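**Q** Chain A is already provided as a structure; the job is to place chains B and C on it using the hints.
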Amino acid sequence: MGLTLASSARAQTKFSWPDTSVDLGKYTSVDRCIAALMRIQQGQIALRSQTENNDTLPFDEQENLKPLPAAVRQAAARCAARFDHRTAKLSDFALLMELLLLADRDADAKALLERRLSAIGANGAGERVAVEDSAVLIYLKVLPRRLDAAEQVLLARAHRGSDRLDRMSLYNRLMEVSRDAGDTTRARRAAQSLVAVADSLTPAERESEKFTKMGNDGGNVVVFAAMLQIVGTKTLTDSLRHSTAAMANLMRTMWAQFTKERKEALPFPLGEHAPTVTGDFWFPSQAAGDKHPSPGHVSIVEFVDNSRLYGSCMNPTPFTVIPDICARNWYWLRRLGNRFPGLDITLVVGTRGNFLHAPPPSPAEEAELYRRWLEPYHIKGAVLSVSTRPFWNLPVPDGRRVDKPAANSVAYSFGKSWNPDGTNGGGRYLIDQDGLVVDVFFNEAATNQFIEALLQRQKAGGDRAER
Amino acid sequence: MSISRRTLLQSGLKVGAAAAAVAALPRPLLAQLGRSLEPLPPIHDPGIKELALRALEAARSGGAGYADVRLTHERIRVFGGQVQDSESMLVGVRTLVNGYWGFASSPVWTPDEMSRLARESVHQAKTNALGKARAVDLAPTQVIADGSWLMPVANDPFEISPFEINDFLASLEVYLHRTPGTRITTNSCTAVVQERAFASTSGSYCTQRCYRTEGAFGIDYTLERGQRGTIFLDCLSPAGMGWELYAEDRIPRVRDHTMYEEIDRALEELKEDLLMPVKPVEVGRYATVFDPHTTASIVDETIGRATELDRALGYEANAGGTSYLNDPVAMLGSYQAGAPSLTVTAERSEAGAVGTVKWDDEGVTPEGFSLVKSGVLADFQTTRESARWLEAAYAKHDLPVRSHGCAAAPSAVFAPLQHTPNISVAAGRDAKDFDALVSGMARGIAVKTGSADLDFQHSSGLGSGRLYEVKQGRRVARLAGGFLFRATDLWKSLQAIGSEGALRRYGIKATKGEPAQEHHHSVTAPAVMVKDLTVIDPLRKA
Amino acid sequence: MRARTKSYRSATERSAEPKRLLAVEDRILSKEACDAIARRVFAFAQGGGETWVQIGSWTRGELRWARNRVSLASDRRDVVIAITRFMPSAGLGEVSTNQLDDESLEAAVRAAERIAAATHSSSRATPGLPPQPVATWPKTAIWSDATYAMSAETRGEIARSVIEPAEAKGYLSAGYIEQHAGAIMRVSSERPAGPYAVVDRPYVQWTQAQCSMTVRDQQGAGSGWAGLSSYDWQSIDPASLGARALQKCEASRNPVVLEPGRYTVILEAQAVADLMRAVVASMDRLQAESGGGPWPLAVDDVLRIGPQPVWRTKLGLKVIDERITIDHDPSDPRLGILPDPWMEPVTFFDKGVLTNLFYDREYALAYLGKNAPRRGMSGYRMSGGTTSVEEMIASTQRGLLVTRFTDIRGLDGGSLLCTGLTRDGLWLIEHGKISKAVKNLRFTESPLFVLNSIEQLGVPVPVFRPVRDAYEQRVPLTPAIVPPLKARDFSFTSTIDAI
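Protein chains in written order, with the working numbering: chain A, 598 to 1064; chain B, 12 to 553; chain C, -14 to 484.
It should be emphasised that the hints constitute simulated quantities derived from the structure, not laboratory data. Remember, it's a predicted structure, so these values are computed and weren't measured experimentally. Treat the hints with care, since some could be wrong.
Here are the simulated lysine-lysine pairs, DSS-like style, with alpha carbons at most 25 Å apart [claimed, not checked]:
(1) K552/B <-> K303/C
(2) K552/B <-> K290/B
(3) K290/B <-> K459/B
(4) K154/C <-> K355/C
(5) K686/A <-> K807/A
(6) K807/A <-> K857/A
(7) K857/A <-> K1013/A
(8) K1001/A <-> K355/C
(9) K686/A <-> K738/A
(10) K807/A <-> K663/A
(11) K503/B <-> K424/C
(12) K552/B <-> K355/C
(13) K1013/A <-> K860/A
(14) K482/B <-> K290/B
(15) K143/B <-> K154/C
So that you can see chain A by itself, here it is in the shape it has in the complex (with noise of 0.2 Å):
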């Protein structure tokens, strides 16, 4: 009797675990819906990734046309036909909203949006242009885009009164999901649009806060991102086949044309001469022989975000949904370096005197783990250039390390308020076969063309002096 009690206590359902099924019929509140539907499309993120590496794939530009995953679907149609749109609280408006677009349900997402406005009193004027607002941000927010609802209320908008720099961070917002989406003819009105309310700002306006802090770089630069929407990649292209000075003159009179400023004033290095990189540790070693940018060939120099311990370049937050950033840049350079032999791929960092949780290593370690971190992805093309930065430390015990910028920064700074070392990934260039700056900003679609343009103008100029 004893050992069979003994082994029947032993035995144990432990940990049991409740069916995990949910029943989002059940789920009574908007809040709770959309908990459980990002909850849901996280898991299919996370069972995608099982099967894909989805850094090593390019960038698909219809990807935030697709519809979501059926499972995503599902989820919200079961959860919202608990809801009448025609009956349910104002209150709930943007969260349901957000739910019914999620369930493919647009007509009754836009009935809502009707109804929810016609609520509004005759004074309230302010709390329409906010309504609307928050629409025209969840239409760009859910998956798919819905870009046409989204122009139709801005542009039913434009008519009445409003804050005109509100307004312009709207177009600024439609402008960049439609161009992510692939769809230039919108960008390009919703950027004409946004041109239009620019133009009439008053200088007041123009020197406000909100203006200042708009985007991520400020007003100028948004409107500046708008006028070349408007022209085009192609303009653009075409006239860098000419040459880097016609294009960088170009975008010289744009920003000119908007801010005033002399056309120097442009806060880009575009058609300036790139720097020669140095450096103190070369990978391969034989590089350090060579001139970087290489003369007579298409060069990106890049520099390396090694910035921040966690959440940076290197080590992104353990066991989060969000993919490694930089991962995907490396595969994407390693995709240019495959489509175009020949491409100069330049990789820049200065060290920090740590790598990680390595051990603080000599510069030469240090670069040594740059190499072996960089190297597994196979750049074709690419070298390394790894420079001591110098420091000093705030005086004993403090001890802190406060870096000097590195001599390659400085230099790739053009005298600029601009920072290749940024936190936000690090500072890129294209240059040219003459050692001119022509990007910066970088777009997958737009840097190929650009390459092209900029082999075509060689060989164009090959055959010439062939001739």
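**A** Then chains B and C, alone, in the frame of chain A:
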């Protein structure tokens, strides 16, 4: 300002662009990796009773005059993004030999171990029984023959999909973010279920399953003009409930609104606070209104702790201290602990309270009893052993000598101690809540989410919390201050007690003993008003 | 294709397994037992990925008394096995159990895998990254055979011998003796080679003993306390503790009310250690360099490290009396923090100058170019002098003698202003002699202020600082060797009732 390259035409590196492959839900991996196992027998299985009786038998044959044994099987699950599980099985045997207690415990449930623990427990007792005589006369208790009880909960948190629970917790964040400027600081939920079996040589055997669920939801809120503050929801303190703590639309005495509405109310409250001017406190004595949270905290410390009989008689002197009720036999029935309007009762039966059980850890069925009746100290918290210590007092007041069922231990690896049961402050007769009491004050102070540090006799206290200056019935400013009081003086100065409808119940974790052990109990209290509270600047040095 | 590890065993194989329950003689798990458990856990893992297992065990012999009689004597023990599974392309799952049999461990591993599978992650190993180095754990053993071997009989005899003198004088004695031993080990299935490898925590076992008692007057008119904790039972002298508690009780009876105010105080070593807790908790470098706590100095106008502004701190500045040096001596097992002693020779305050603040390894790598953390101040020794408490009393015109403080709470992080209560003996000193016992007082004072107002220092001694282990999930108190001291202008803000 440096210009990043991630701008303008660049788009290939946007992280958010993630489209996933089509796949079915839920992930098939879960089922495939699983393996079915034999079940642990439910706690009321006769096999467990066999183990328990074996321990008692060994104790008796070892020379124990009294013995009891506890087996606990506890599971804890922590939610919130992740899910963490832990499980433990423990057994403890307590024996009484010639007036001395011994105790032995371990994580092993086998017949041999039952015998070993019993022998060890007797051995421990006997090493001290060599000394001076000690009398332990356990108060009688009704014999429970094979009792079995399941704490009634509406939703067993261990039977609900963790996805559903985590979705709900995540939805609270989604709801919070409807309001701009908000950020979550904490969002988690812990569920505990403990199955315990108890057997004693008094002839009792009973099994119980008890639940405890608690959570934390903290909000950081920045207003348009930059004022910033934090607040926690106060409806998630430990409760003798299941998942309904979150899922129910309303829980009487805990919250009158859904969790989403509670978030709205918390934001409104915080916003109101942030927009109020902050004034330094003017030291002085003021009429003061305490909200239910403050009342509950202070009652718990000044009356809940002070009426623990073991503490009052010096059994915690080397640890937490003693009690200002330092002569229990004389004080019972005569000590004026507060104003005549103050009545404080104790029980372990309120549905949803976290100290609720069917039988305590000595097999006693707790019954409700008064701690303070109409301002007079009426009784103390007792166990079977300590009830006898009040024999003279009980005789004088014609009360039976009986344990009030306050024996408890966090799990079987600890020996049971006398712990505070659920306590409640009786509501007043006027239908008033916190706001109504404040609106009746021409000038004074109001305290919300207050608590107090008491001295080691639980008499002198330094209170803190959100203090407000009240003028003409309205809270007009925040005060950077605290307050000083003496337990009995404070409760004697009660002016008004809030109504039944304004009662609020909070779960509190208390620690006592050597080695330290925890116990959860609930305190139910209304808002109250007191006279002449000394308000000070606690940061001011002498 | 899938790496299925063999988890099936025949019945005979199972019975031939080394003991899988916590056996009688296993008061704590030995290294061999922990290794065997870890092997079994790793063998149960399915689906690839990495597994961590932390195996902890503890045993305690306890004796508690009150009102001159032992109230409970106990022998208790438990284990905790915490298993974490990291699954490829999934998340992590943590499950813990206290059972050692196969079924329980396997069920725990499965449960961890289920949880991991339910937590999503698509993070991939980055190729070419260097491995994490293995930490070097210190060698000083915090172990005493005397503590481990202390029997229930010994505890019983000690209790009787300590109670007897107090009872003979008509007082009530209460107290507690505890013998504690524990062991812990943490291992990863991947060892340092894997991409998510964690530093293993090699097997360590330790002991701790404590003995404390409170003697009170029957009417509650007086109370005295004495106590000591140590890894080594032999350094605790219960008889002298008992005598001290008794003497303080007698001397503390019928205290009079004293007006609060600023007083010269003589703090016994225990009181100094009580007050120092706020300092111990504040010694964080990253906090100081973000502007929090008492150690930031000012934001530098010009300097930046990366994008962050640079906060200068008081490192290198004299912040307390130059007679005070506070450091950690790794060769002294009395200063070990359990169960994760990271012992290195560090000076925190060097002749009053703030010299070191705690930082972790990531900080060290990012800012200091070093691959080692700097320990915090838990487990410290403070320098002193040679003045005895008696000499301090004799040289005090008017002051207060404090046995210890209790219920201390921080009020302001920037100044370390705290409030708390005196307990178990407070005496007024007048003209170089103890004149009367005084009712306990609430203080509002900062330990930093005290350390800047020192007049005299005594010989440093170990104090009562029982360390809680992880099982109890308490904030560990910190072992300390501190001197008694005399300081001026200590602020007492109100009287309290409690004796």
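**Q** Given the hint that K290/B pairs with K459/B, test it: the Cα-Cα distance must not exceed 25 Å.
**A** holds (16 Å)
**Q** Need the status of pair K807/A, K857/A: alpha-carbon distance at most 25 Å?
**A** holds (19 Å)
**Q** Given the hinted pair K686/A and K807/A, is their alpha-carbon gap at most 25 Å?
**A** The given pair, whose Cα atoms are some 33 Å apart, is violated under the 25 Å limit.
**Q** Holds or violated: K1013/A with K860/A, Cα cutoff 25 Å?
**A** Within the cut-off at roughly 14 Å; holds.
**Q** Is the straight-line distance between the alpha-carbon of K143/B and that of K154/C 25 Å or less?
**A** holds (16 Å)
**Q** Do the alpha carbons of K807/A and K663/A lie within 25 Å of each other, as the hint requires?
**A** violated (34 Å)
**Q** For the pair supplied as a hint, K154/C and K355/C, is the alpha-carbon distance within the 25 Å limit?
**A** With a Cα-Cα distance of about 61 Å, the restraint between K154/C and K355/C is violated, given a limit of 25 Å.
**Q** Check whether the Cα positions of K552/B and K290/B lie no farther apart than 25 Å.
**A** Holds, at about 19 Å.
**Q** CA of K857/A to CA of K1013/A, is that 25 Å or under?
**A** Given pair K857/A, K1013/A holds - Cα atoms ~18 Å apart, limit 25 Å.
**Q** For the pair we were handed, K503/B and K424/C, check the Cα-Cα distance against 25 Å.
**A** Holds - the C-alpha atoms of K424/C and K503/B are around 24 Å apart, at most 25 Å.
**Q** Are the Cα positions of K552/B and K303/C separated by 25 Å at most?
**A** Given that 25 Å is the threshold and the Cα spacing comes to 24 Å, the pair holds.
**Q** Has the given pair, K1001/A with K355/C, been kept, meaning a C-alpha gap of at most 25 Å?
**A** holds (19 Å)
In the structure shown, a violation is registered for the earlier hints numbered 4, 5, 10, 12, in ascending order.
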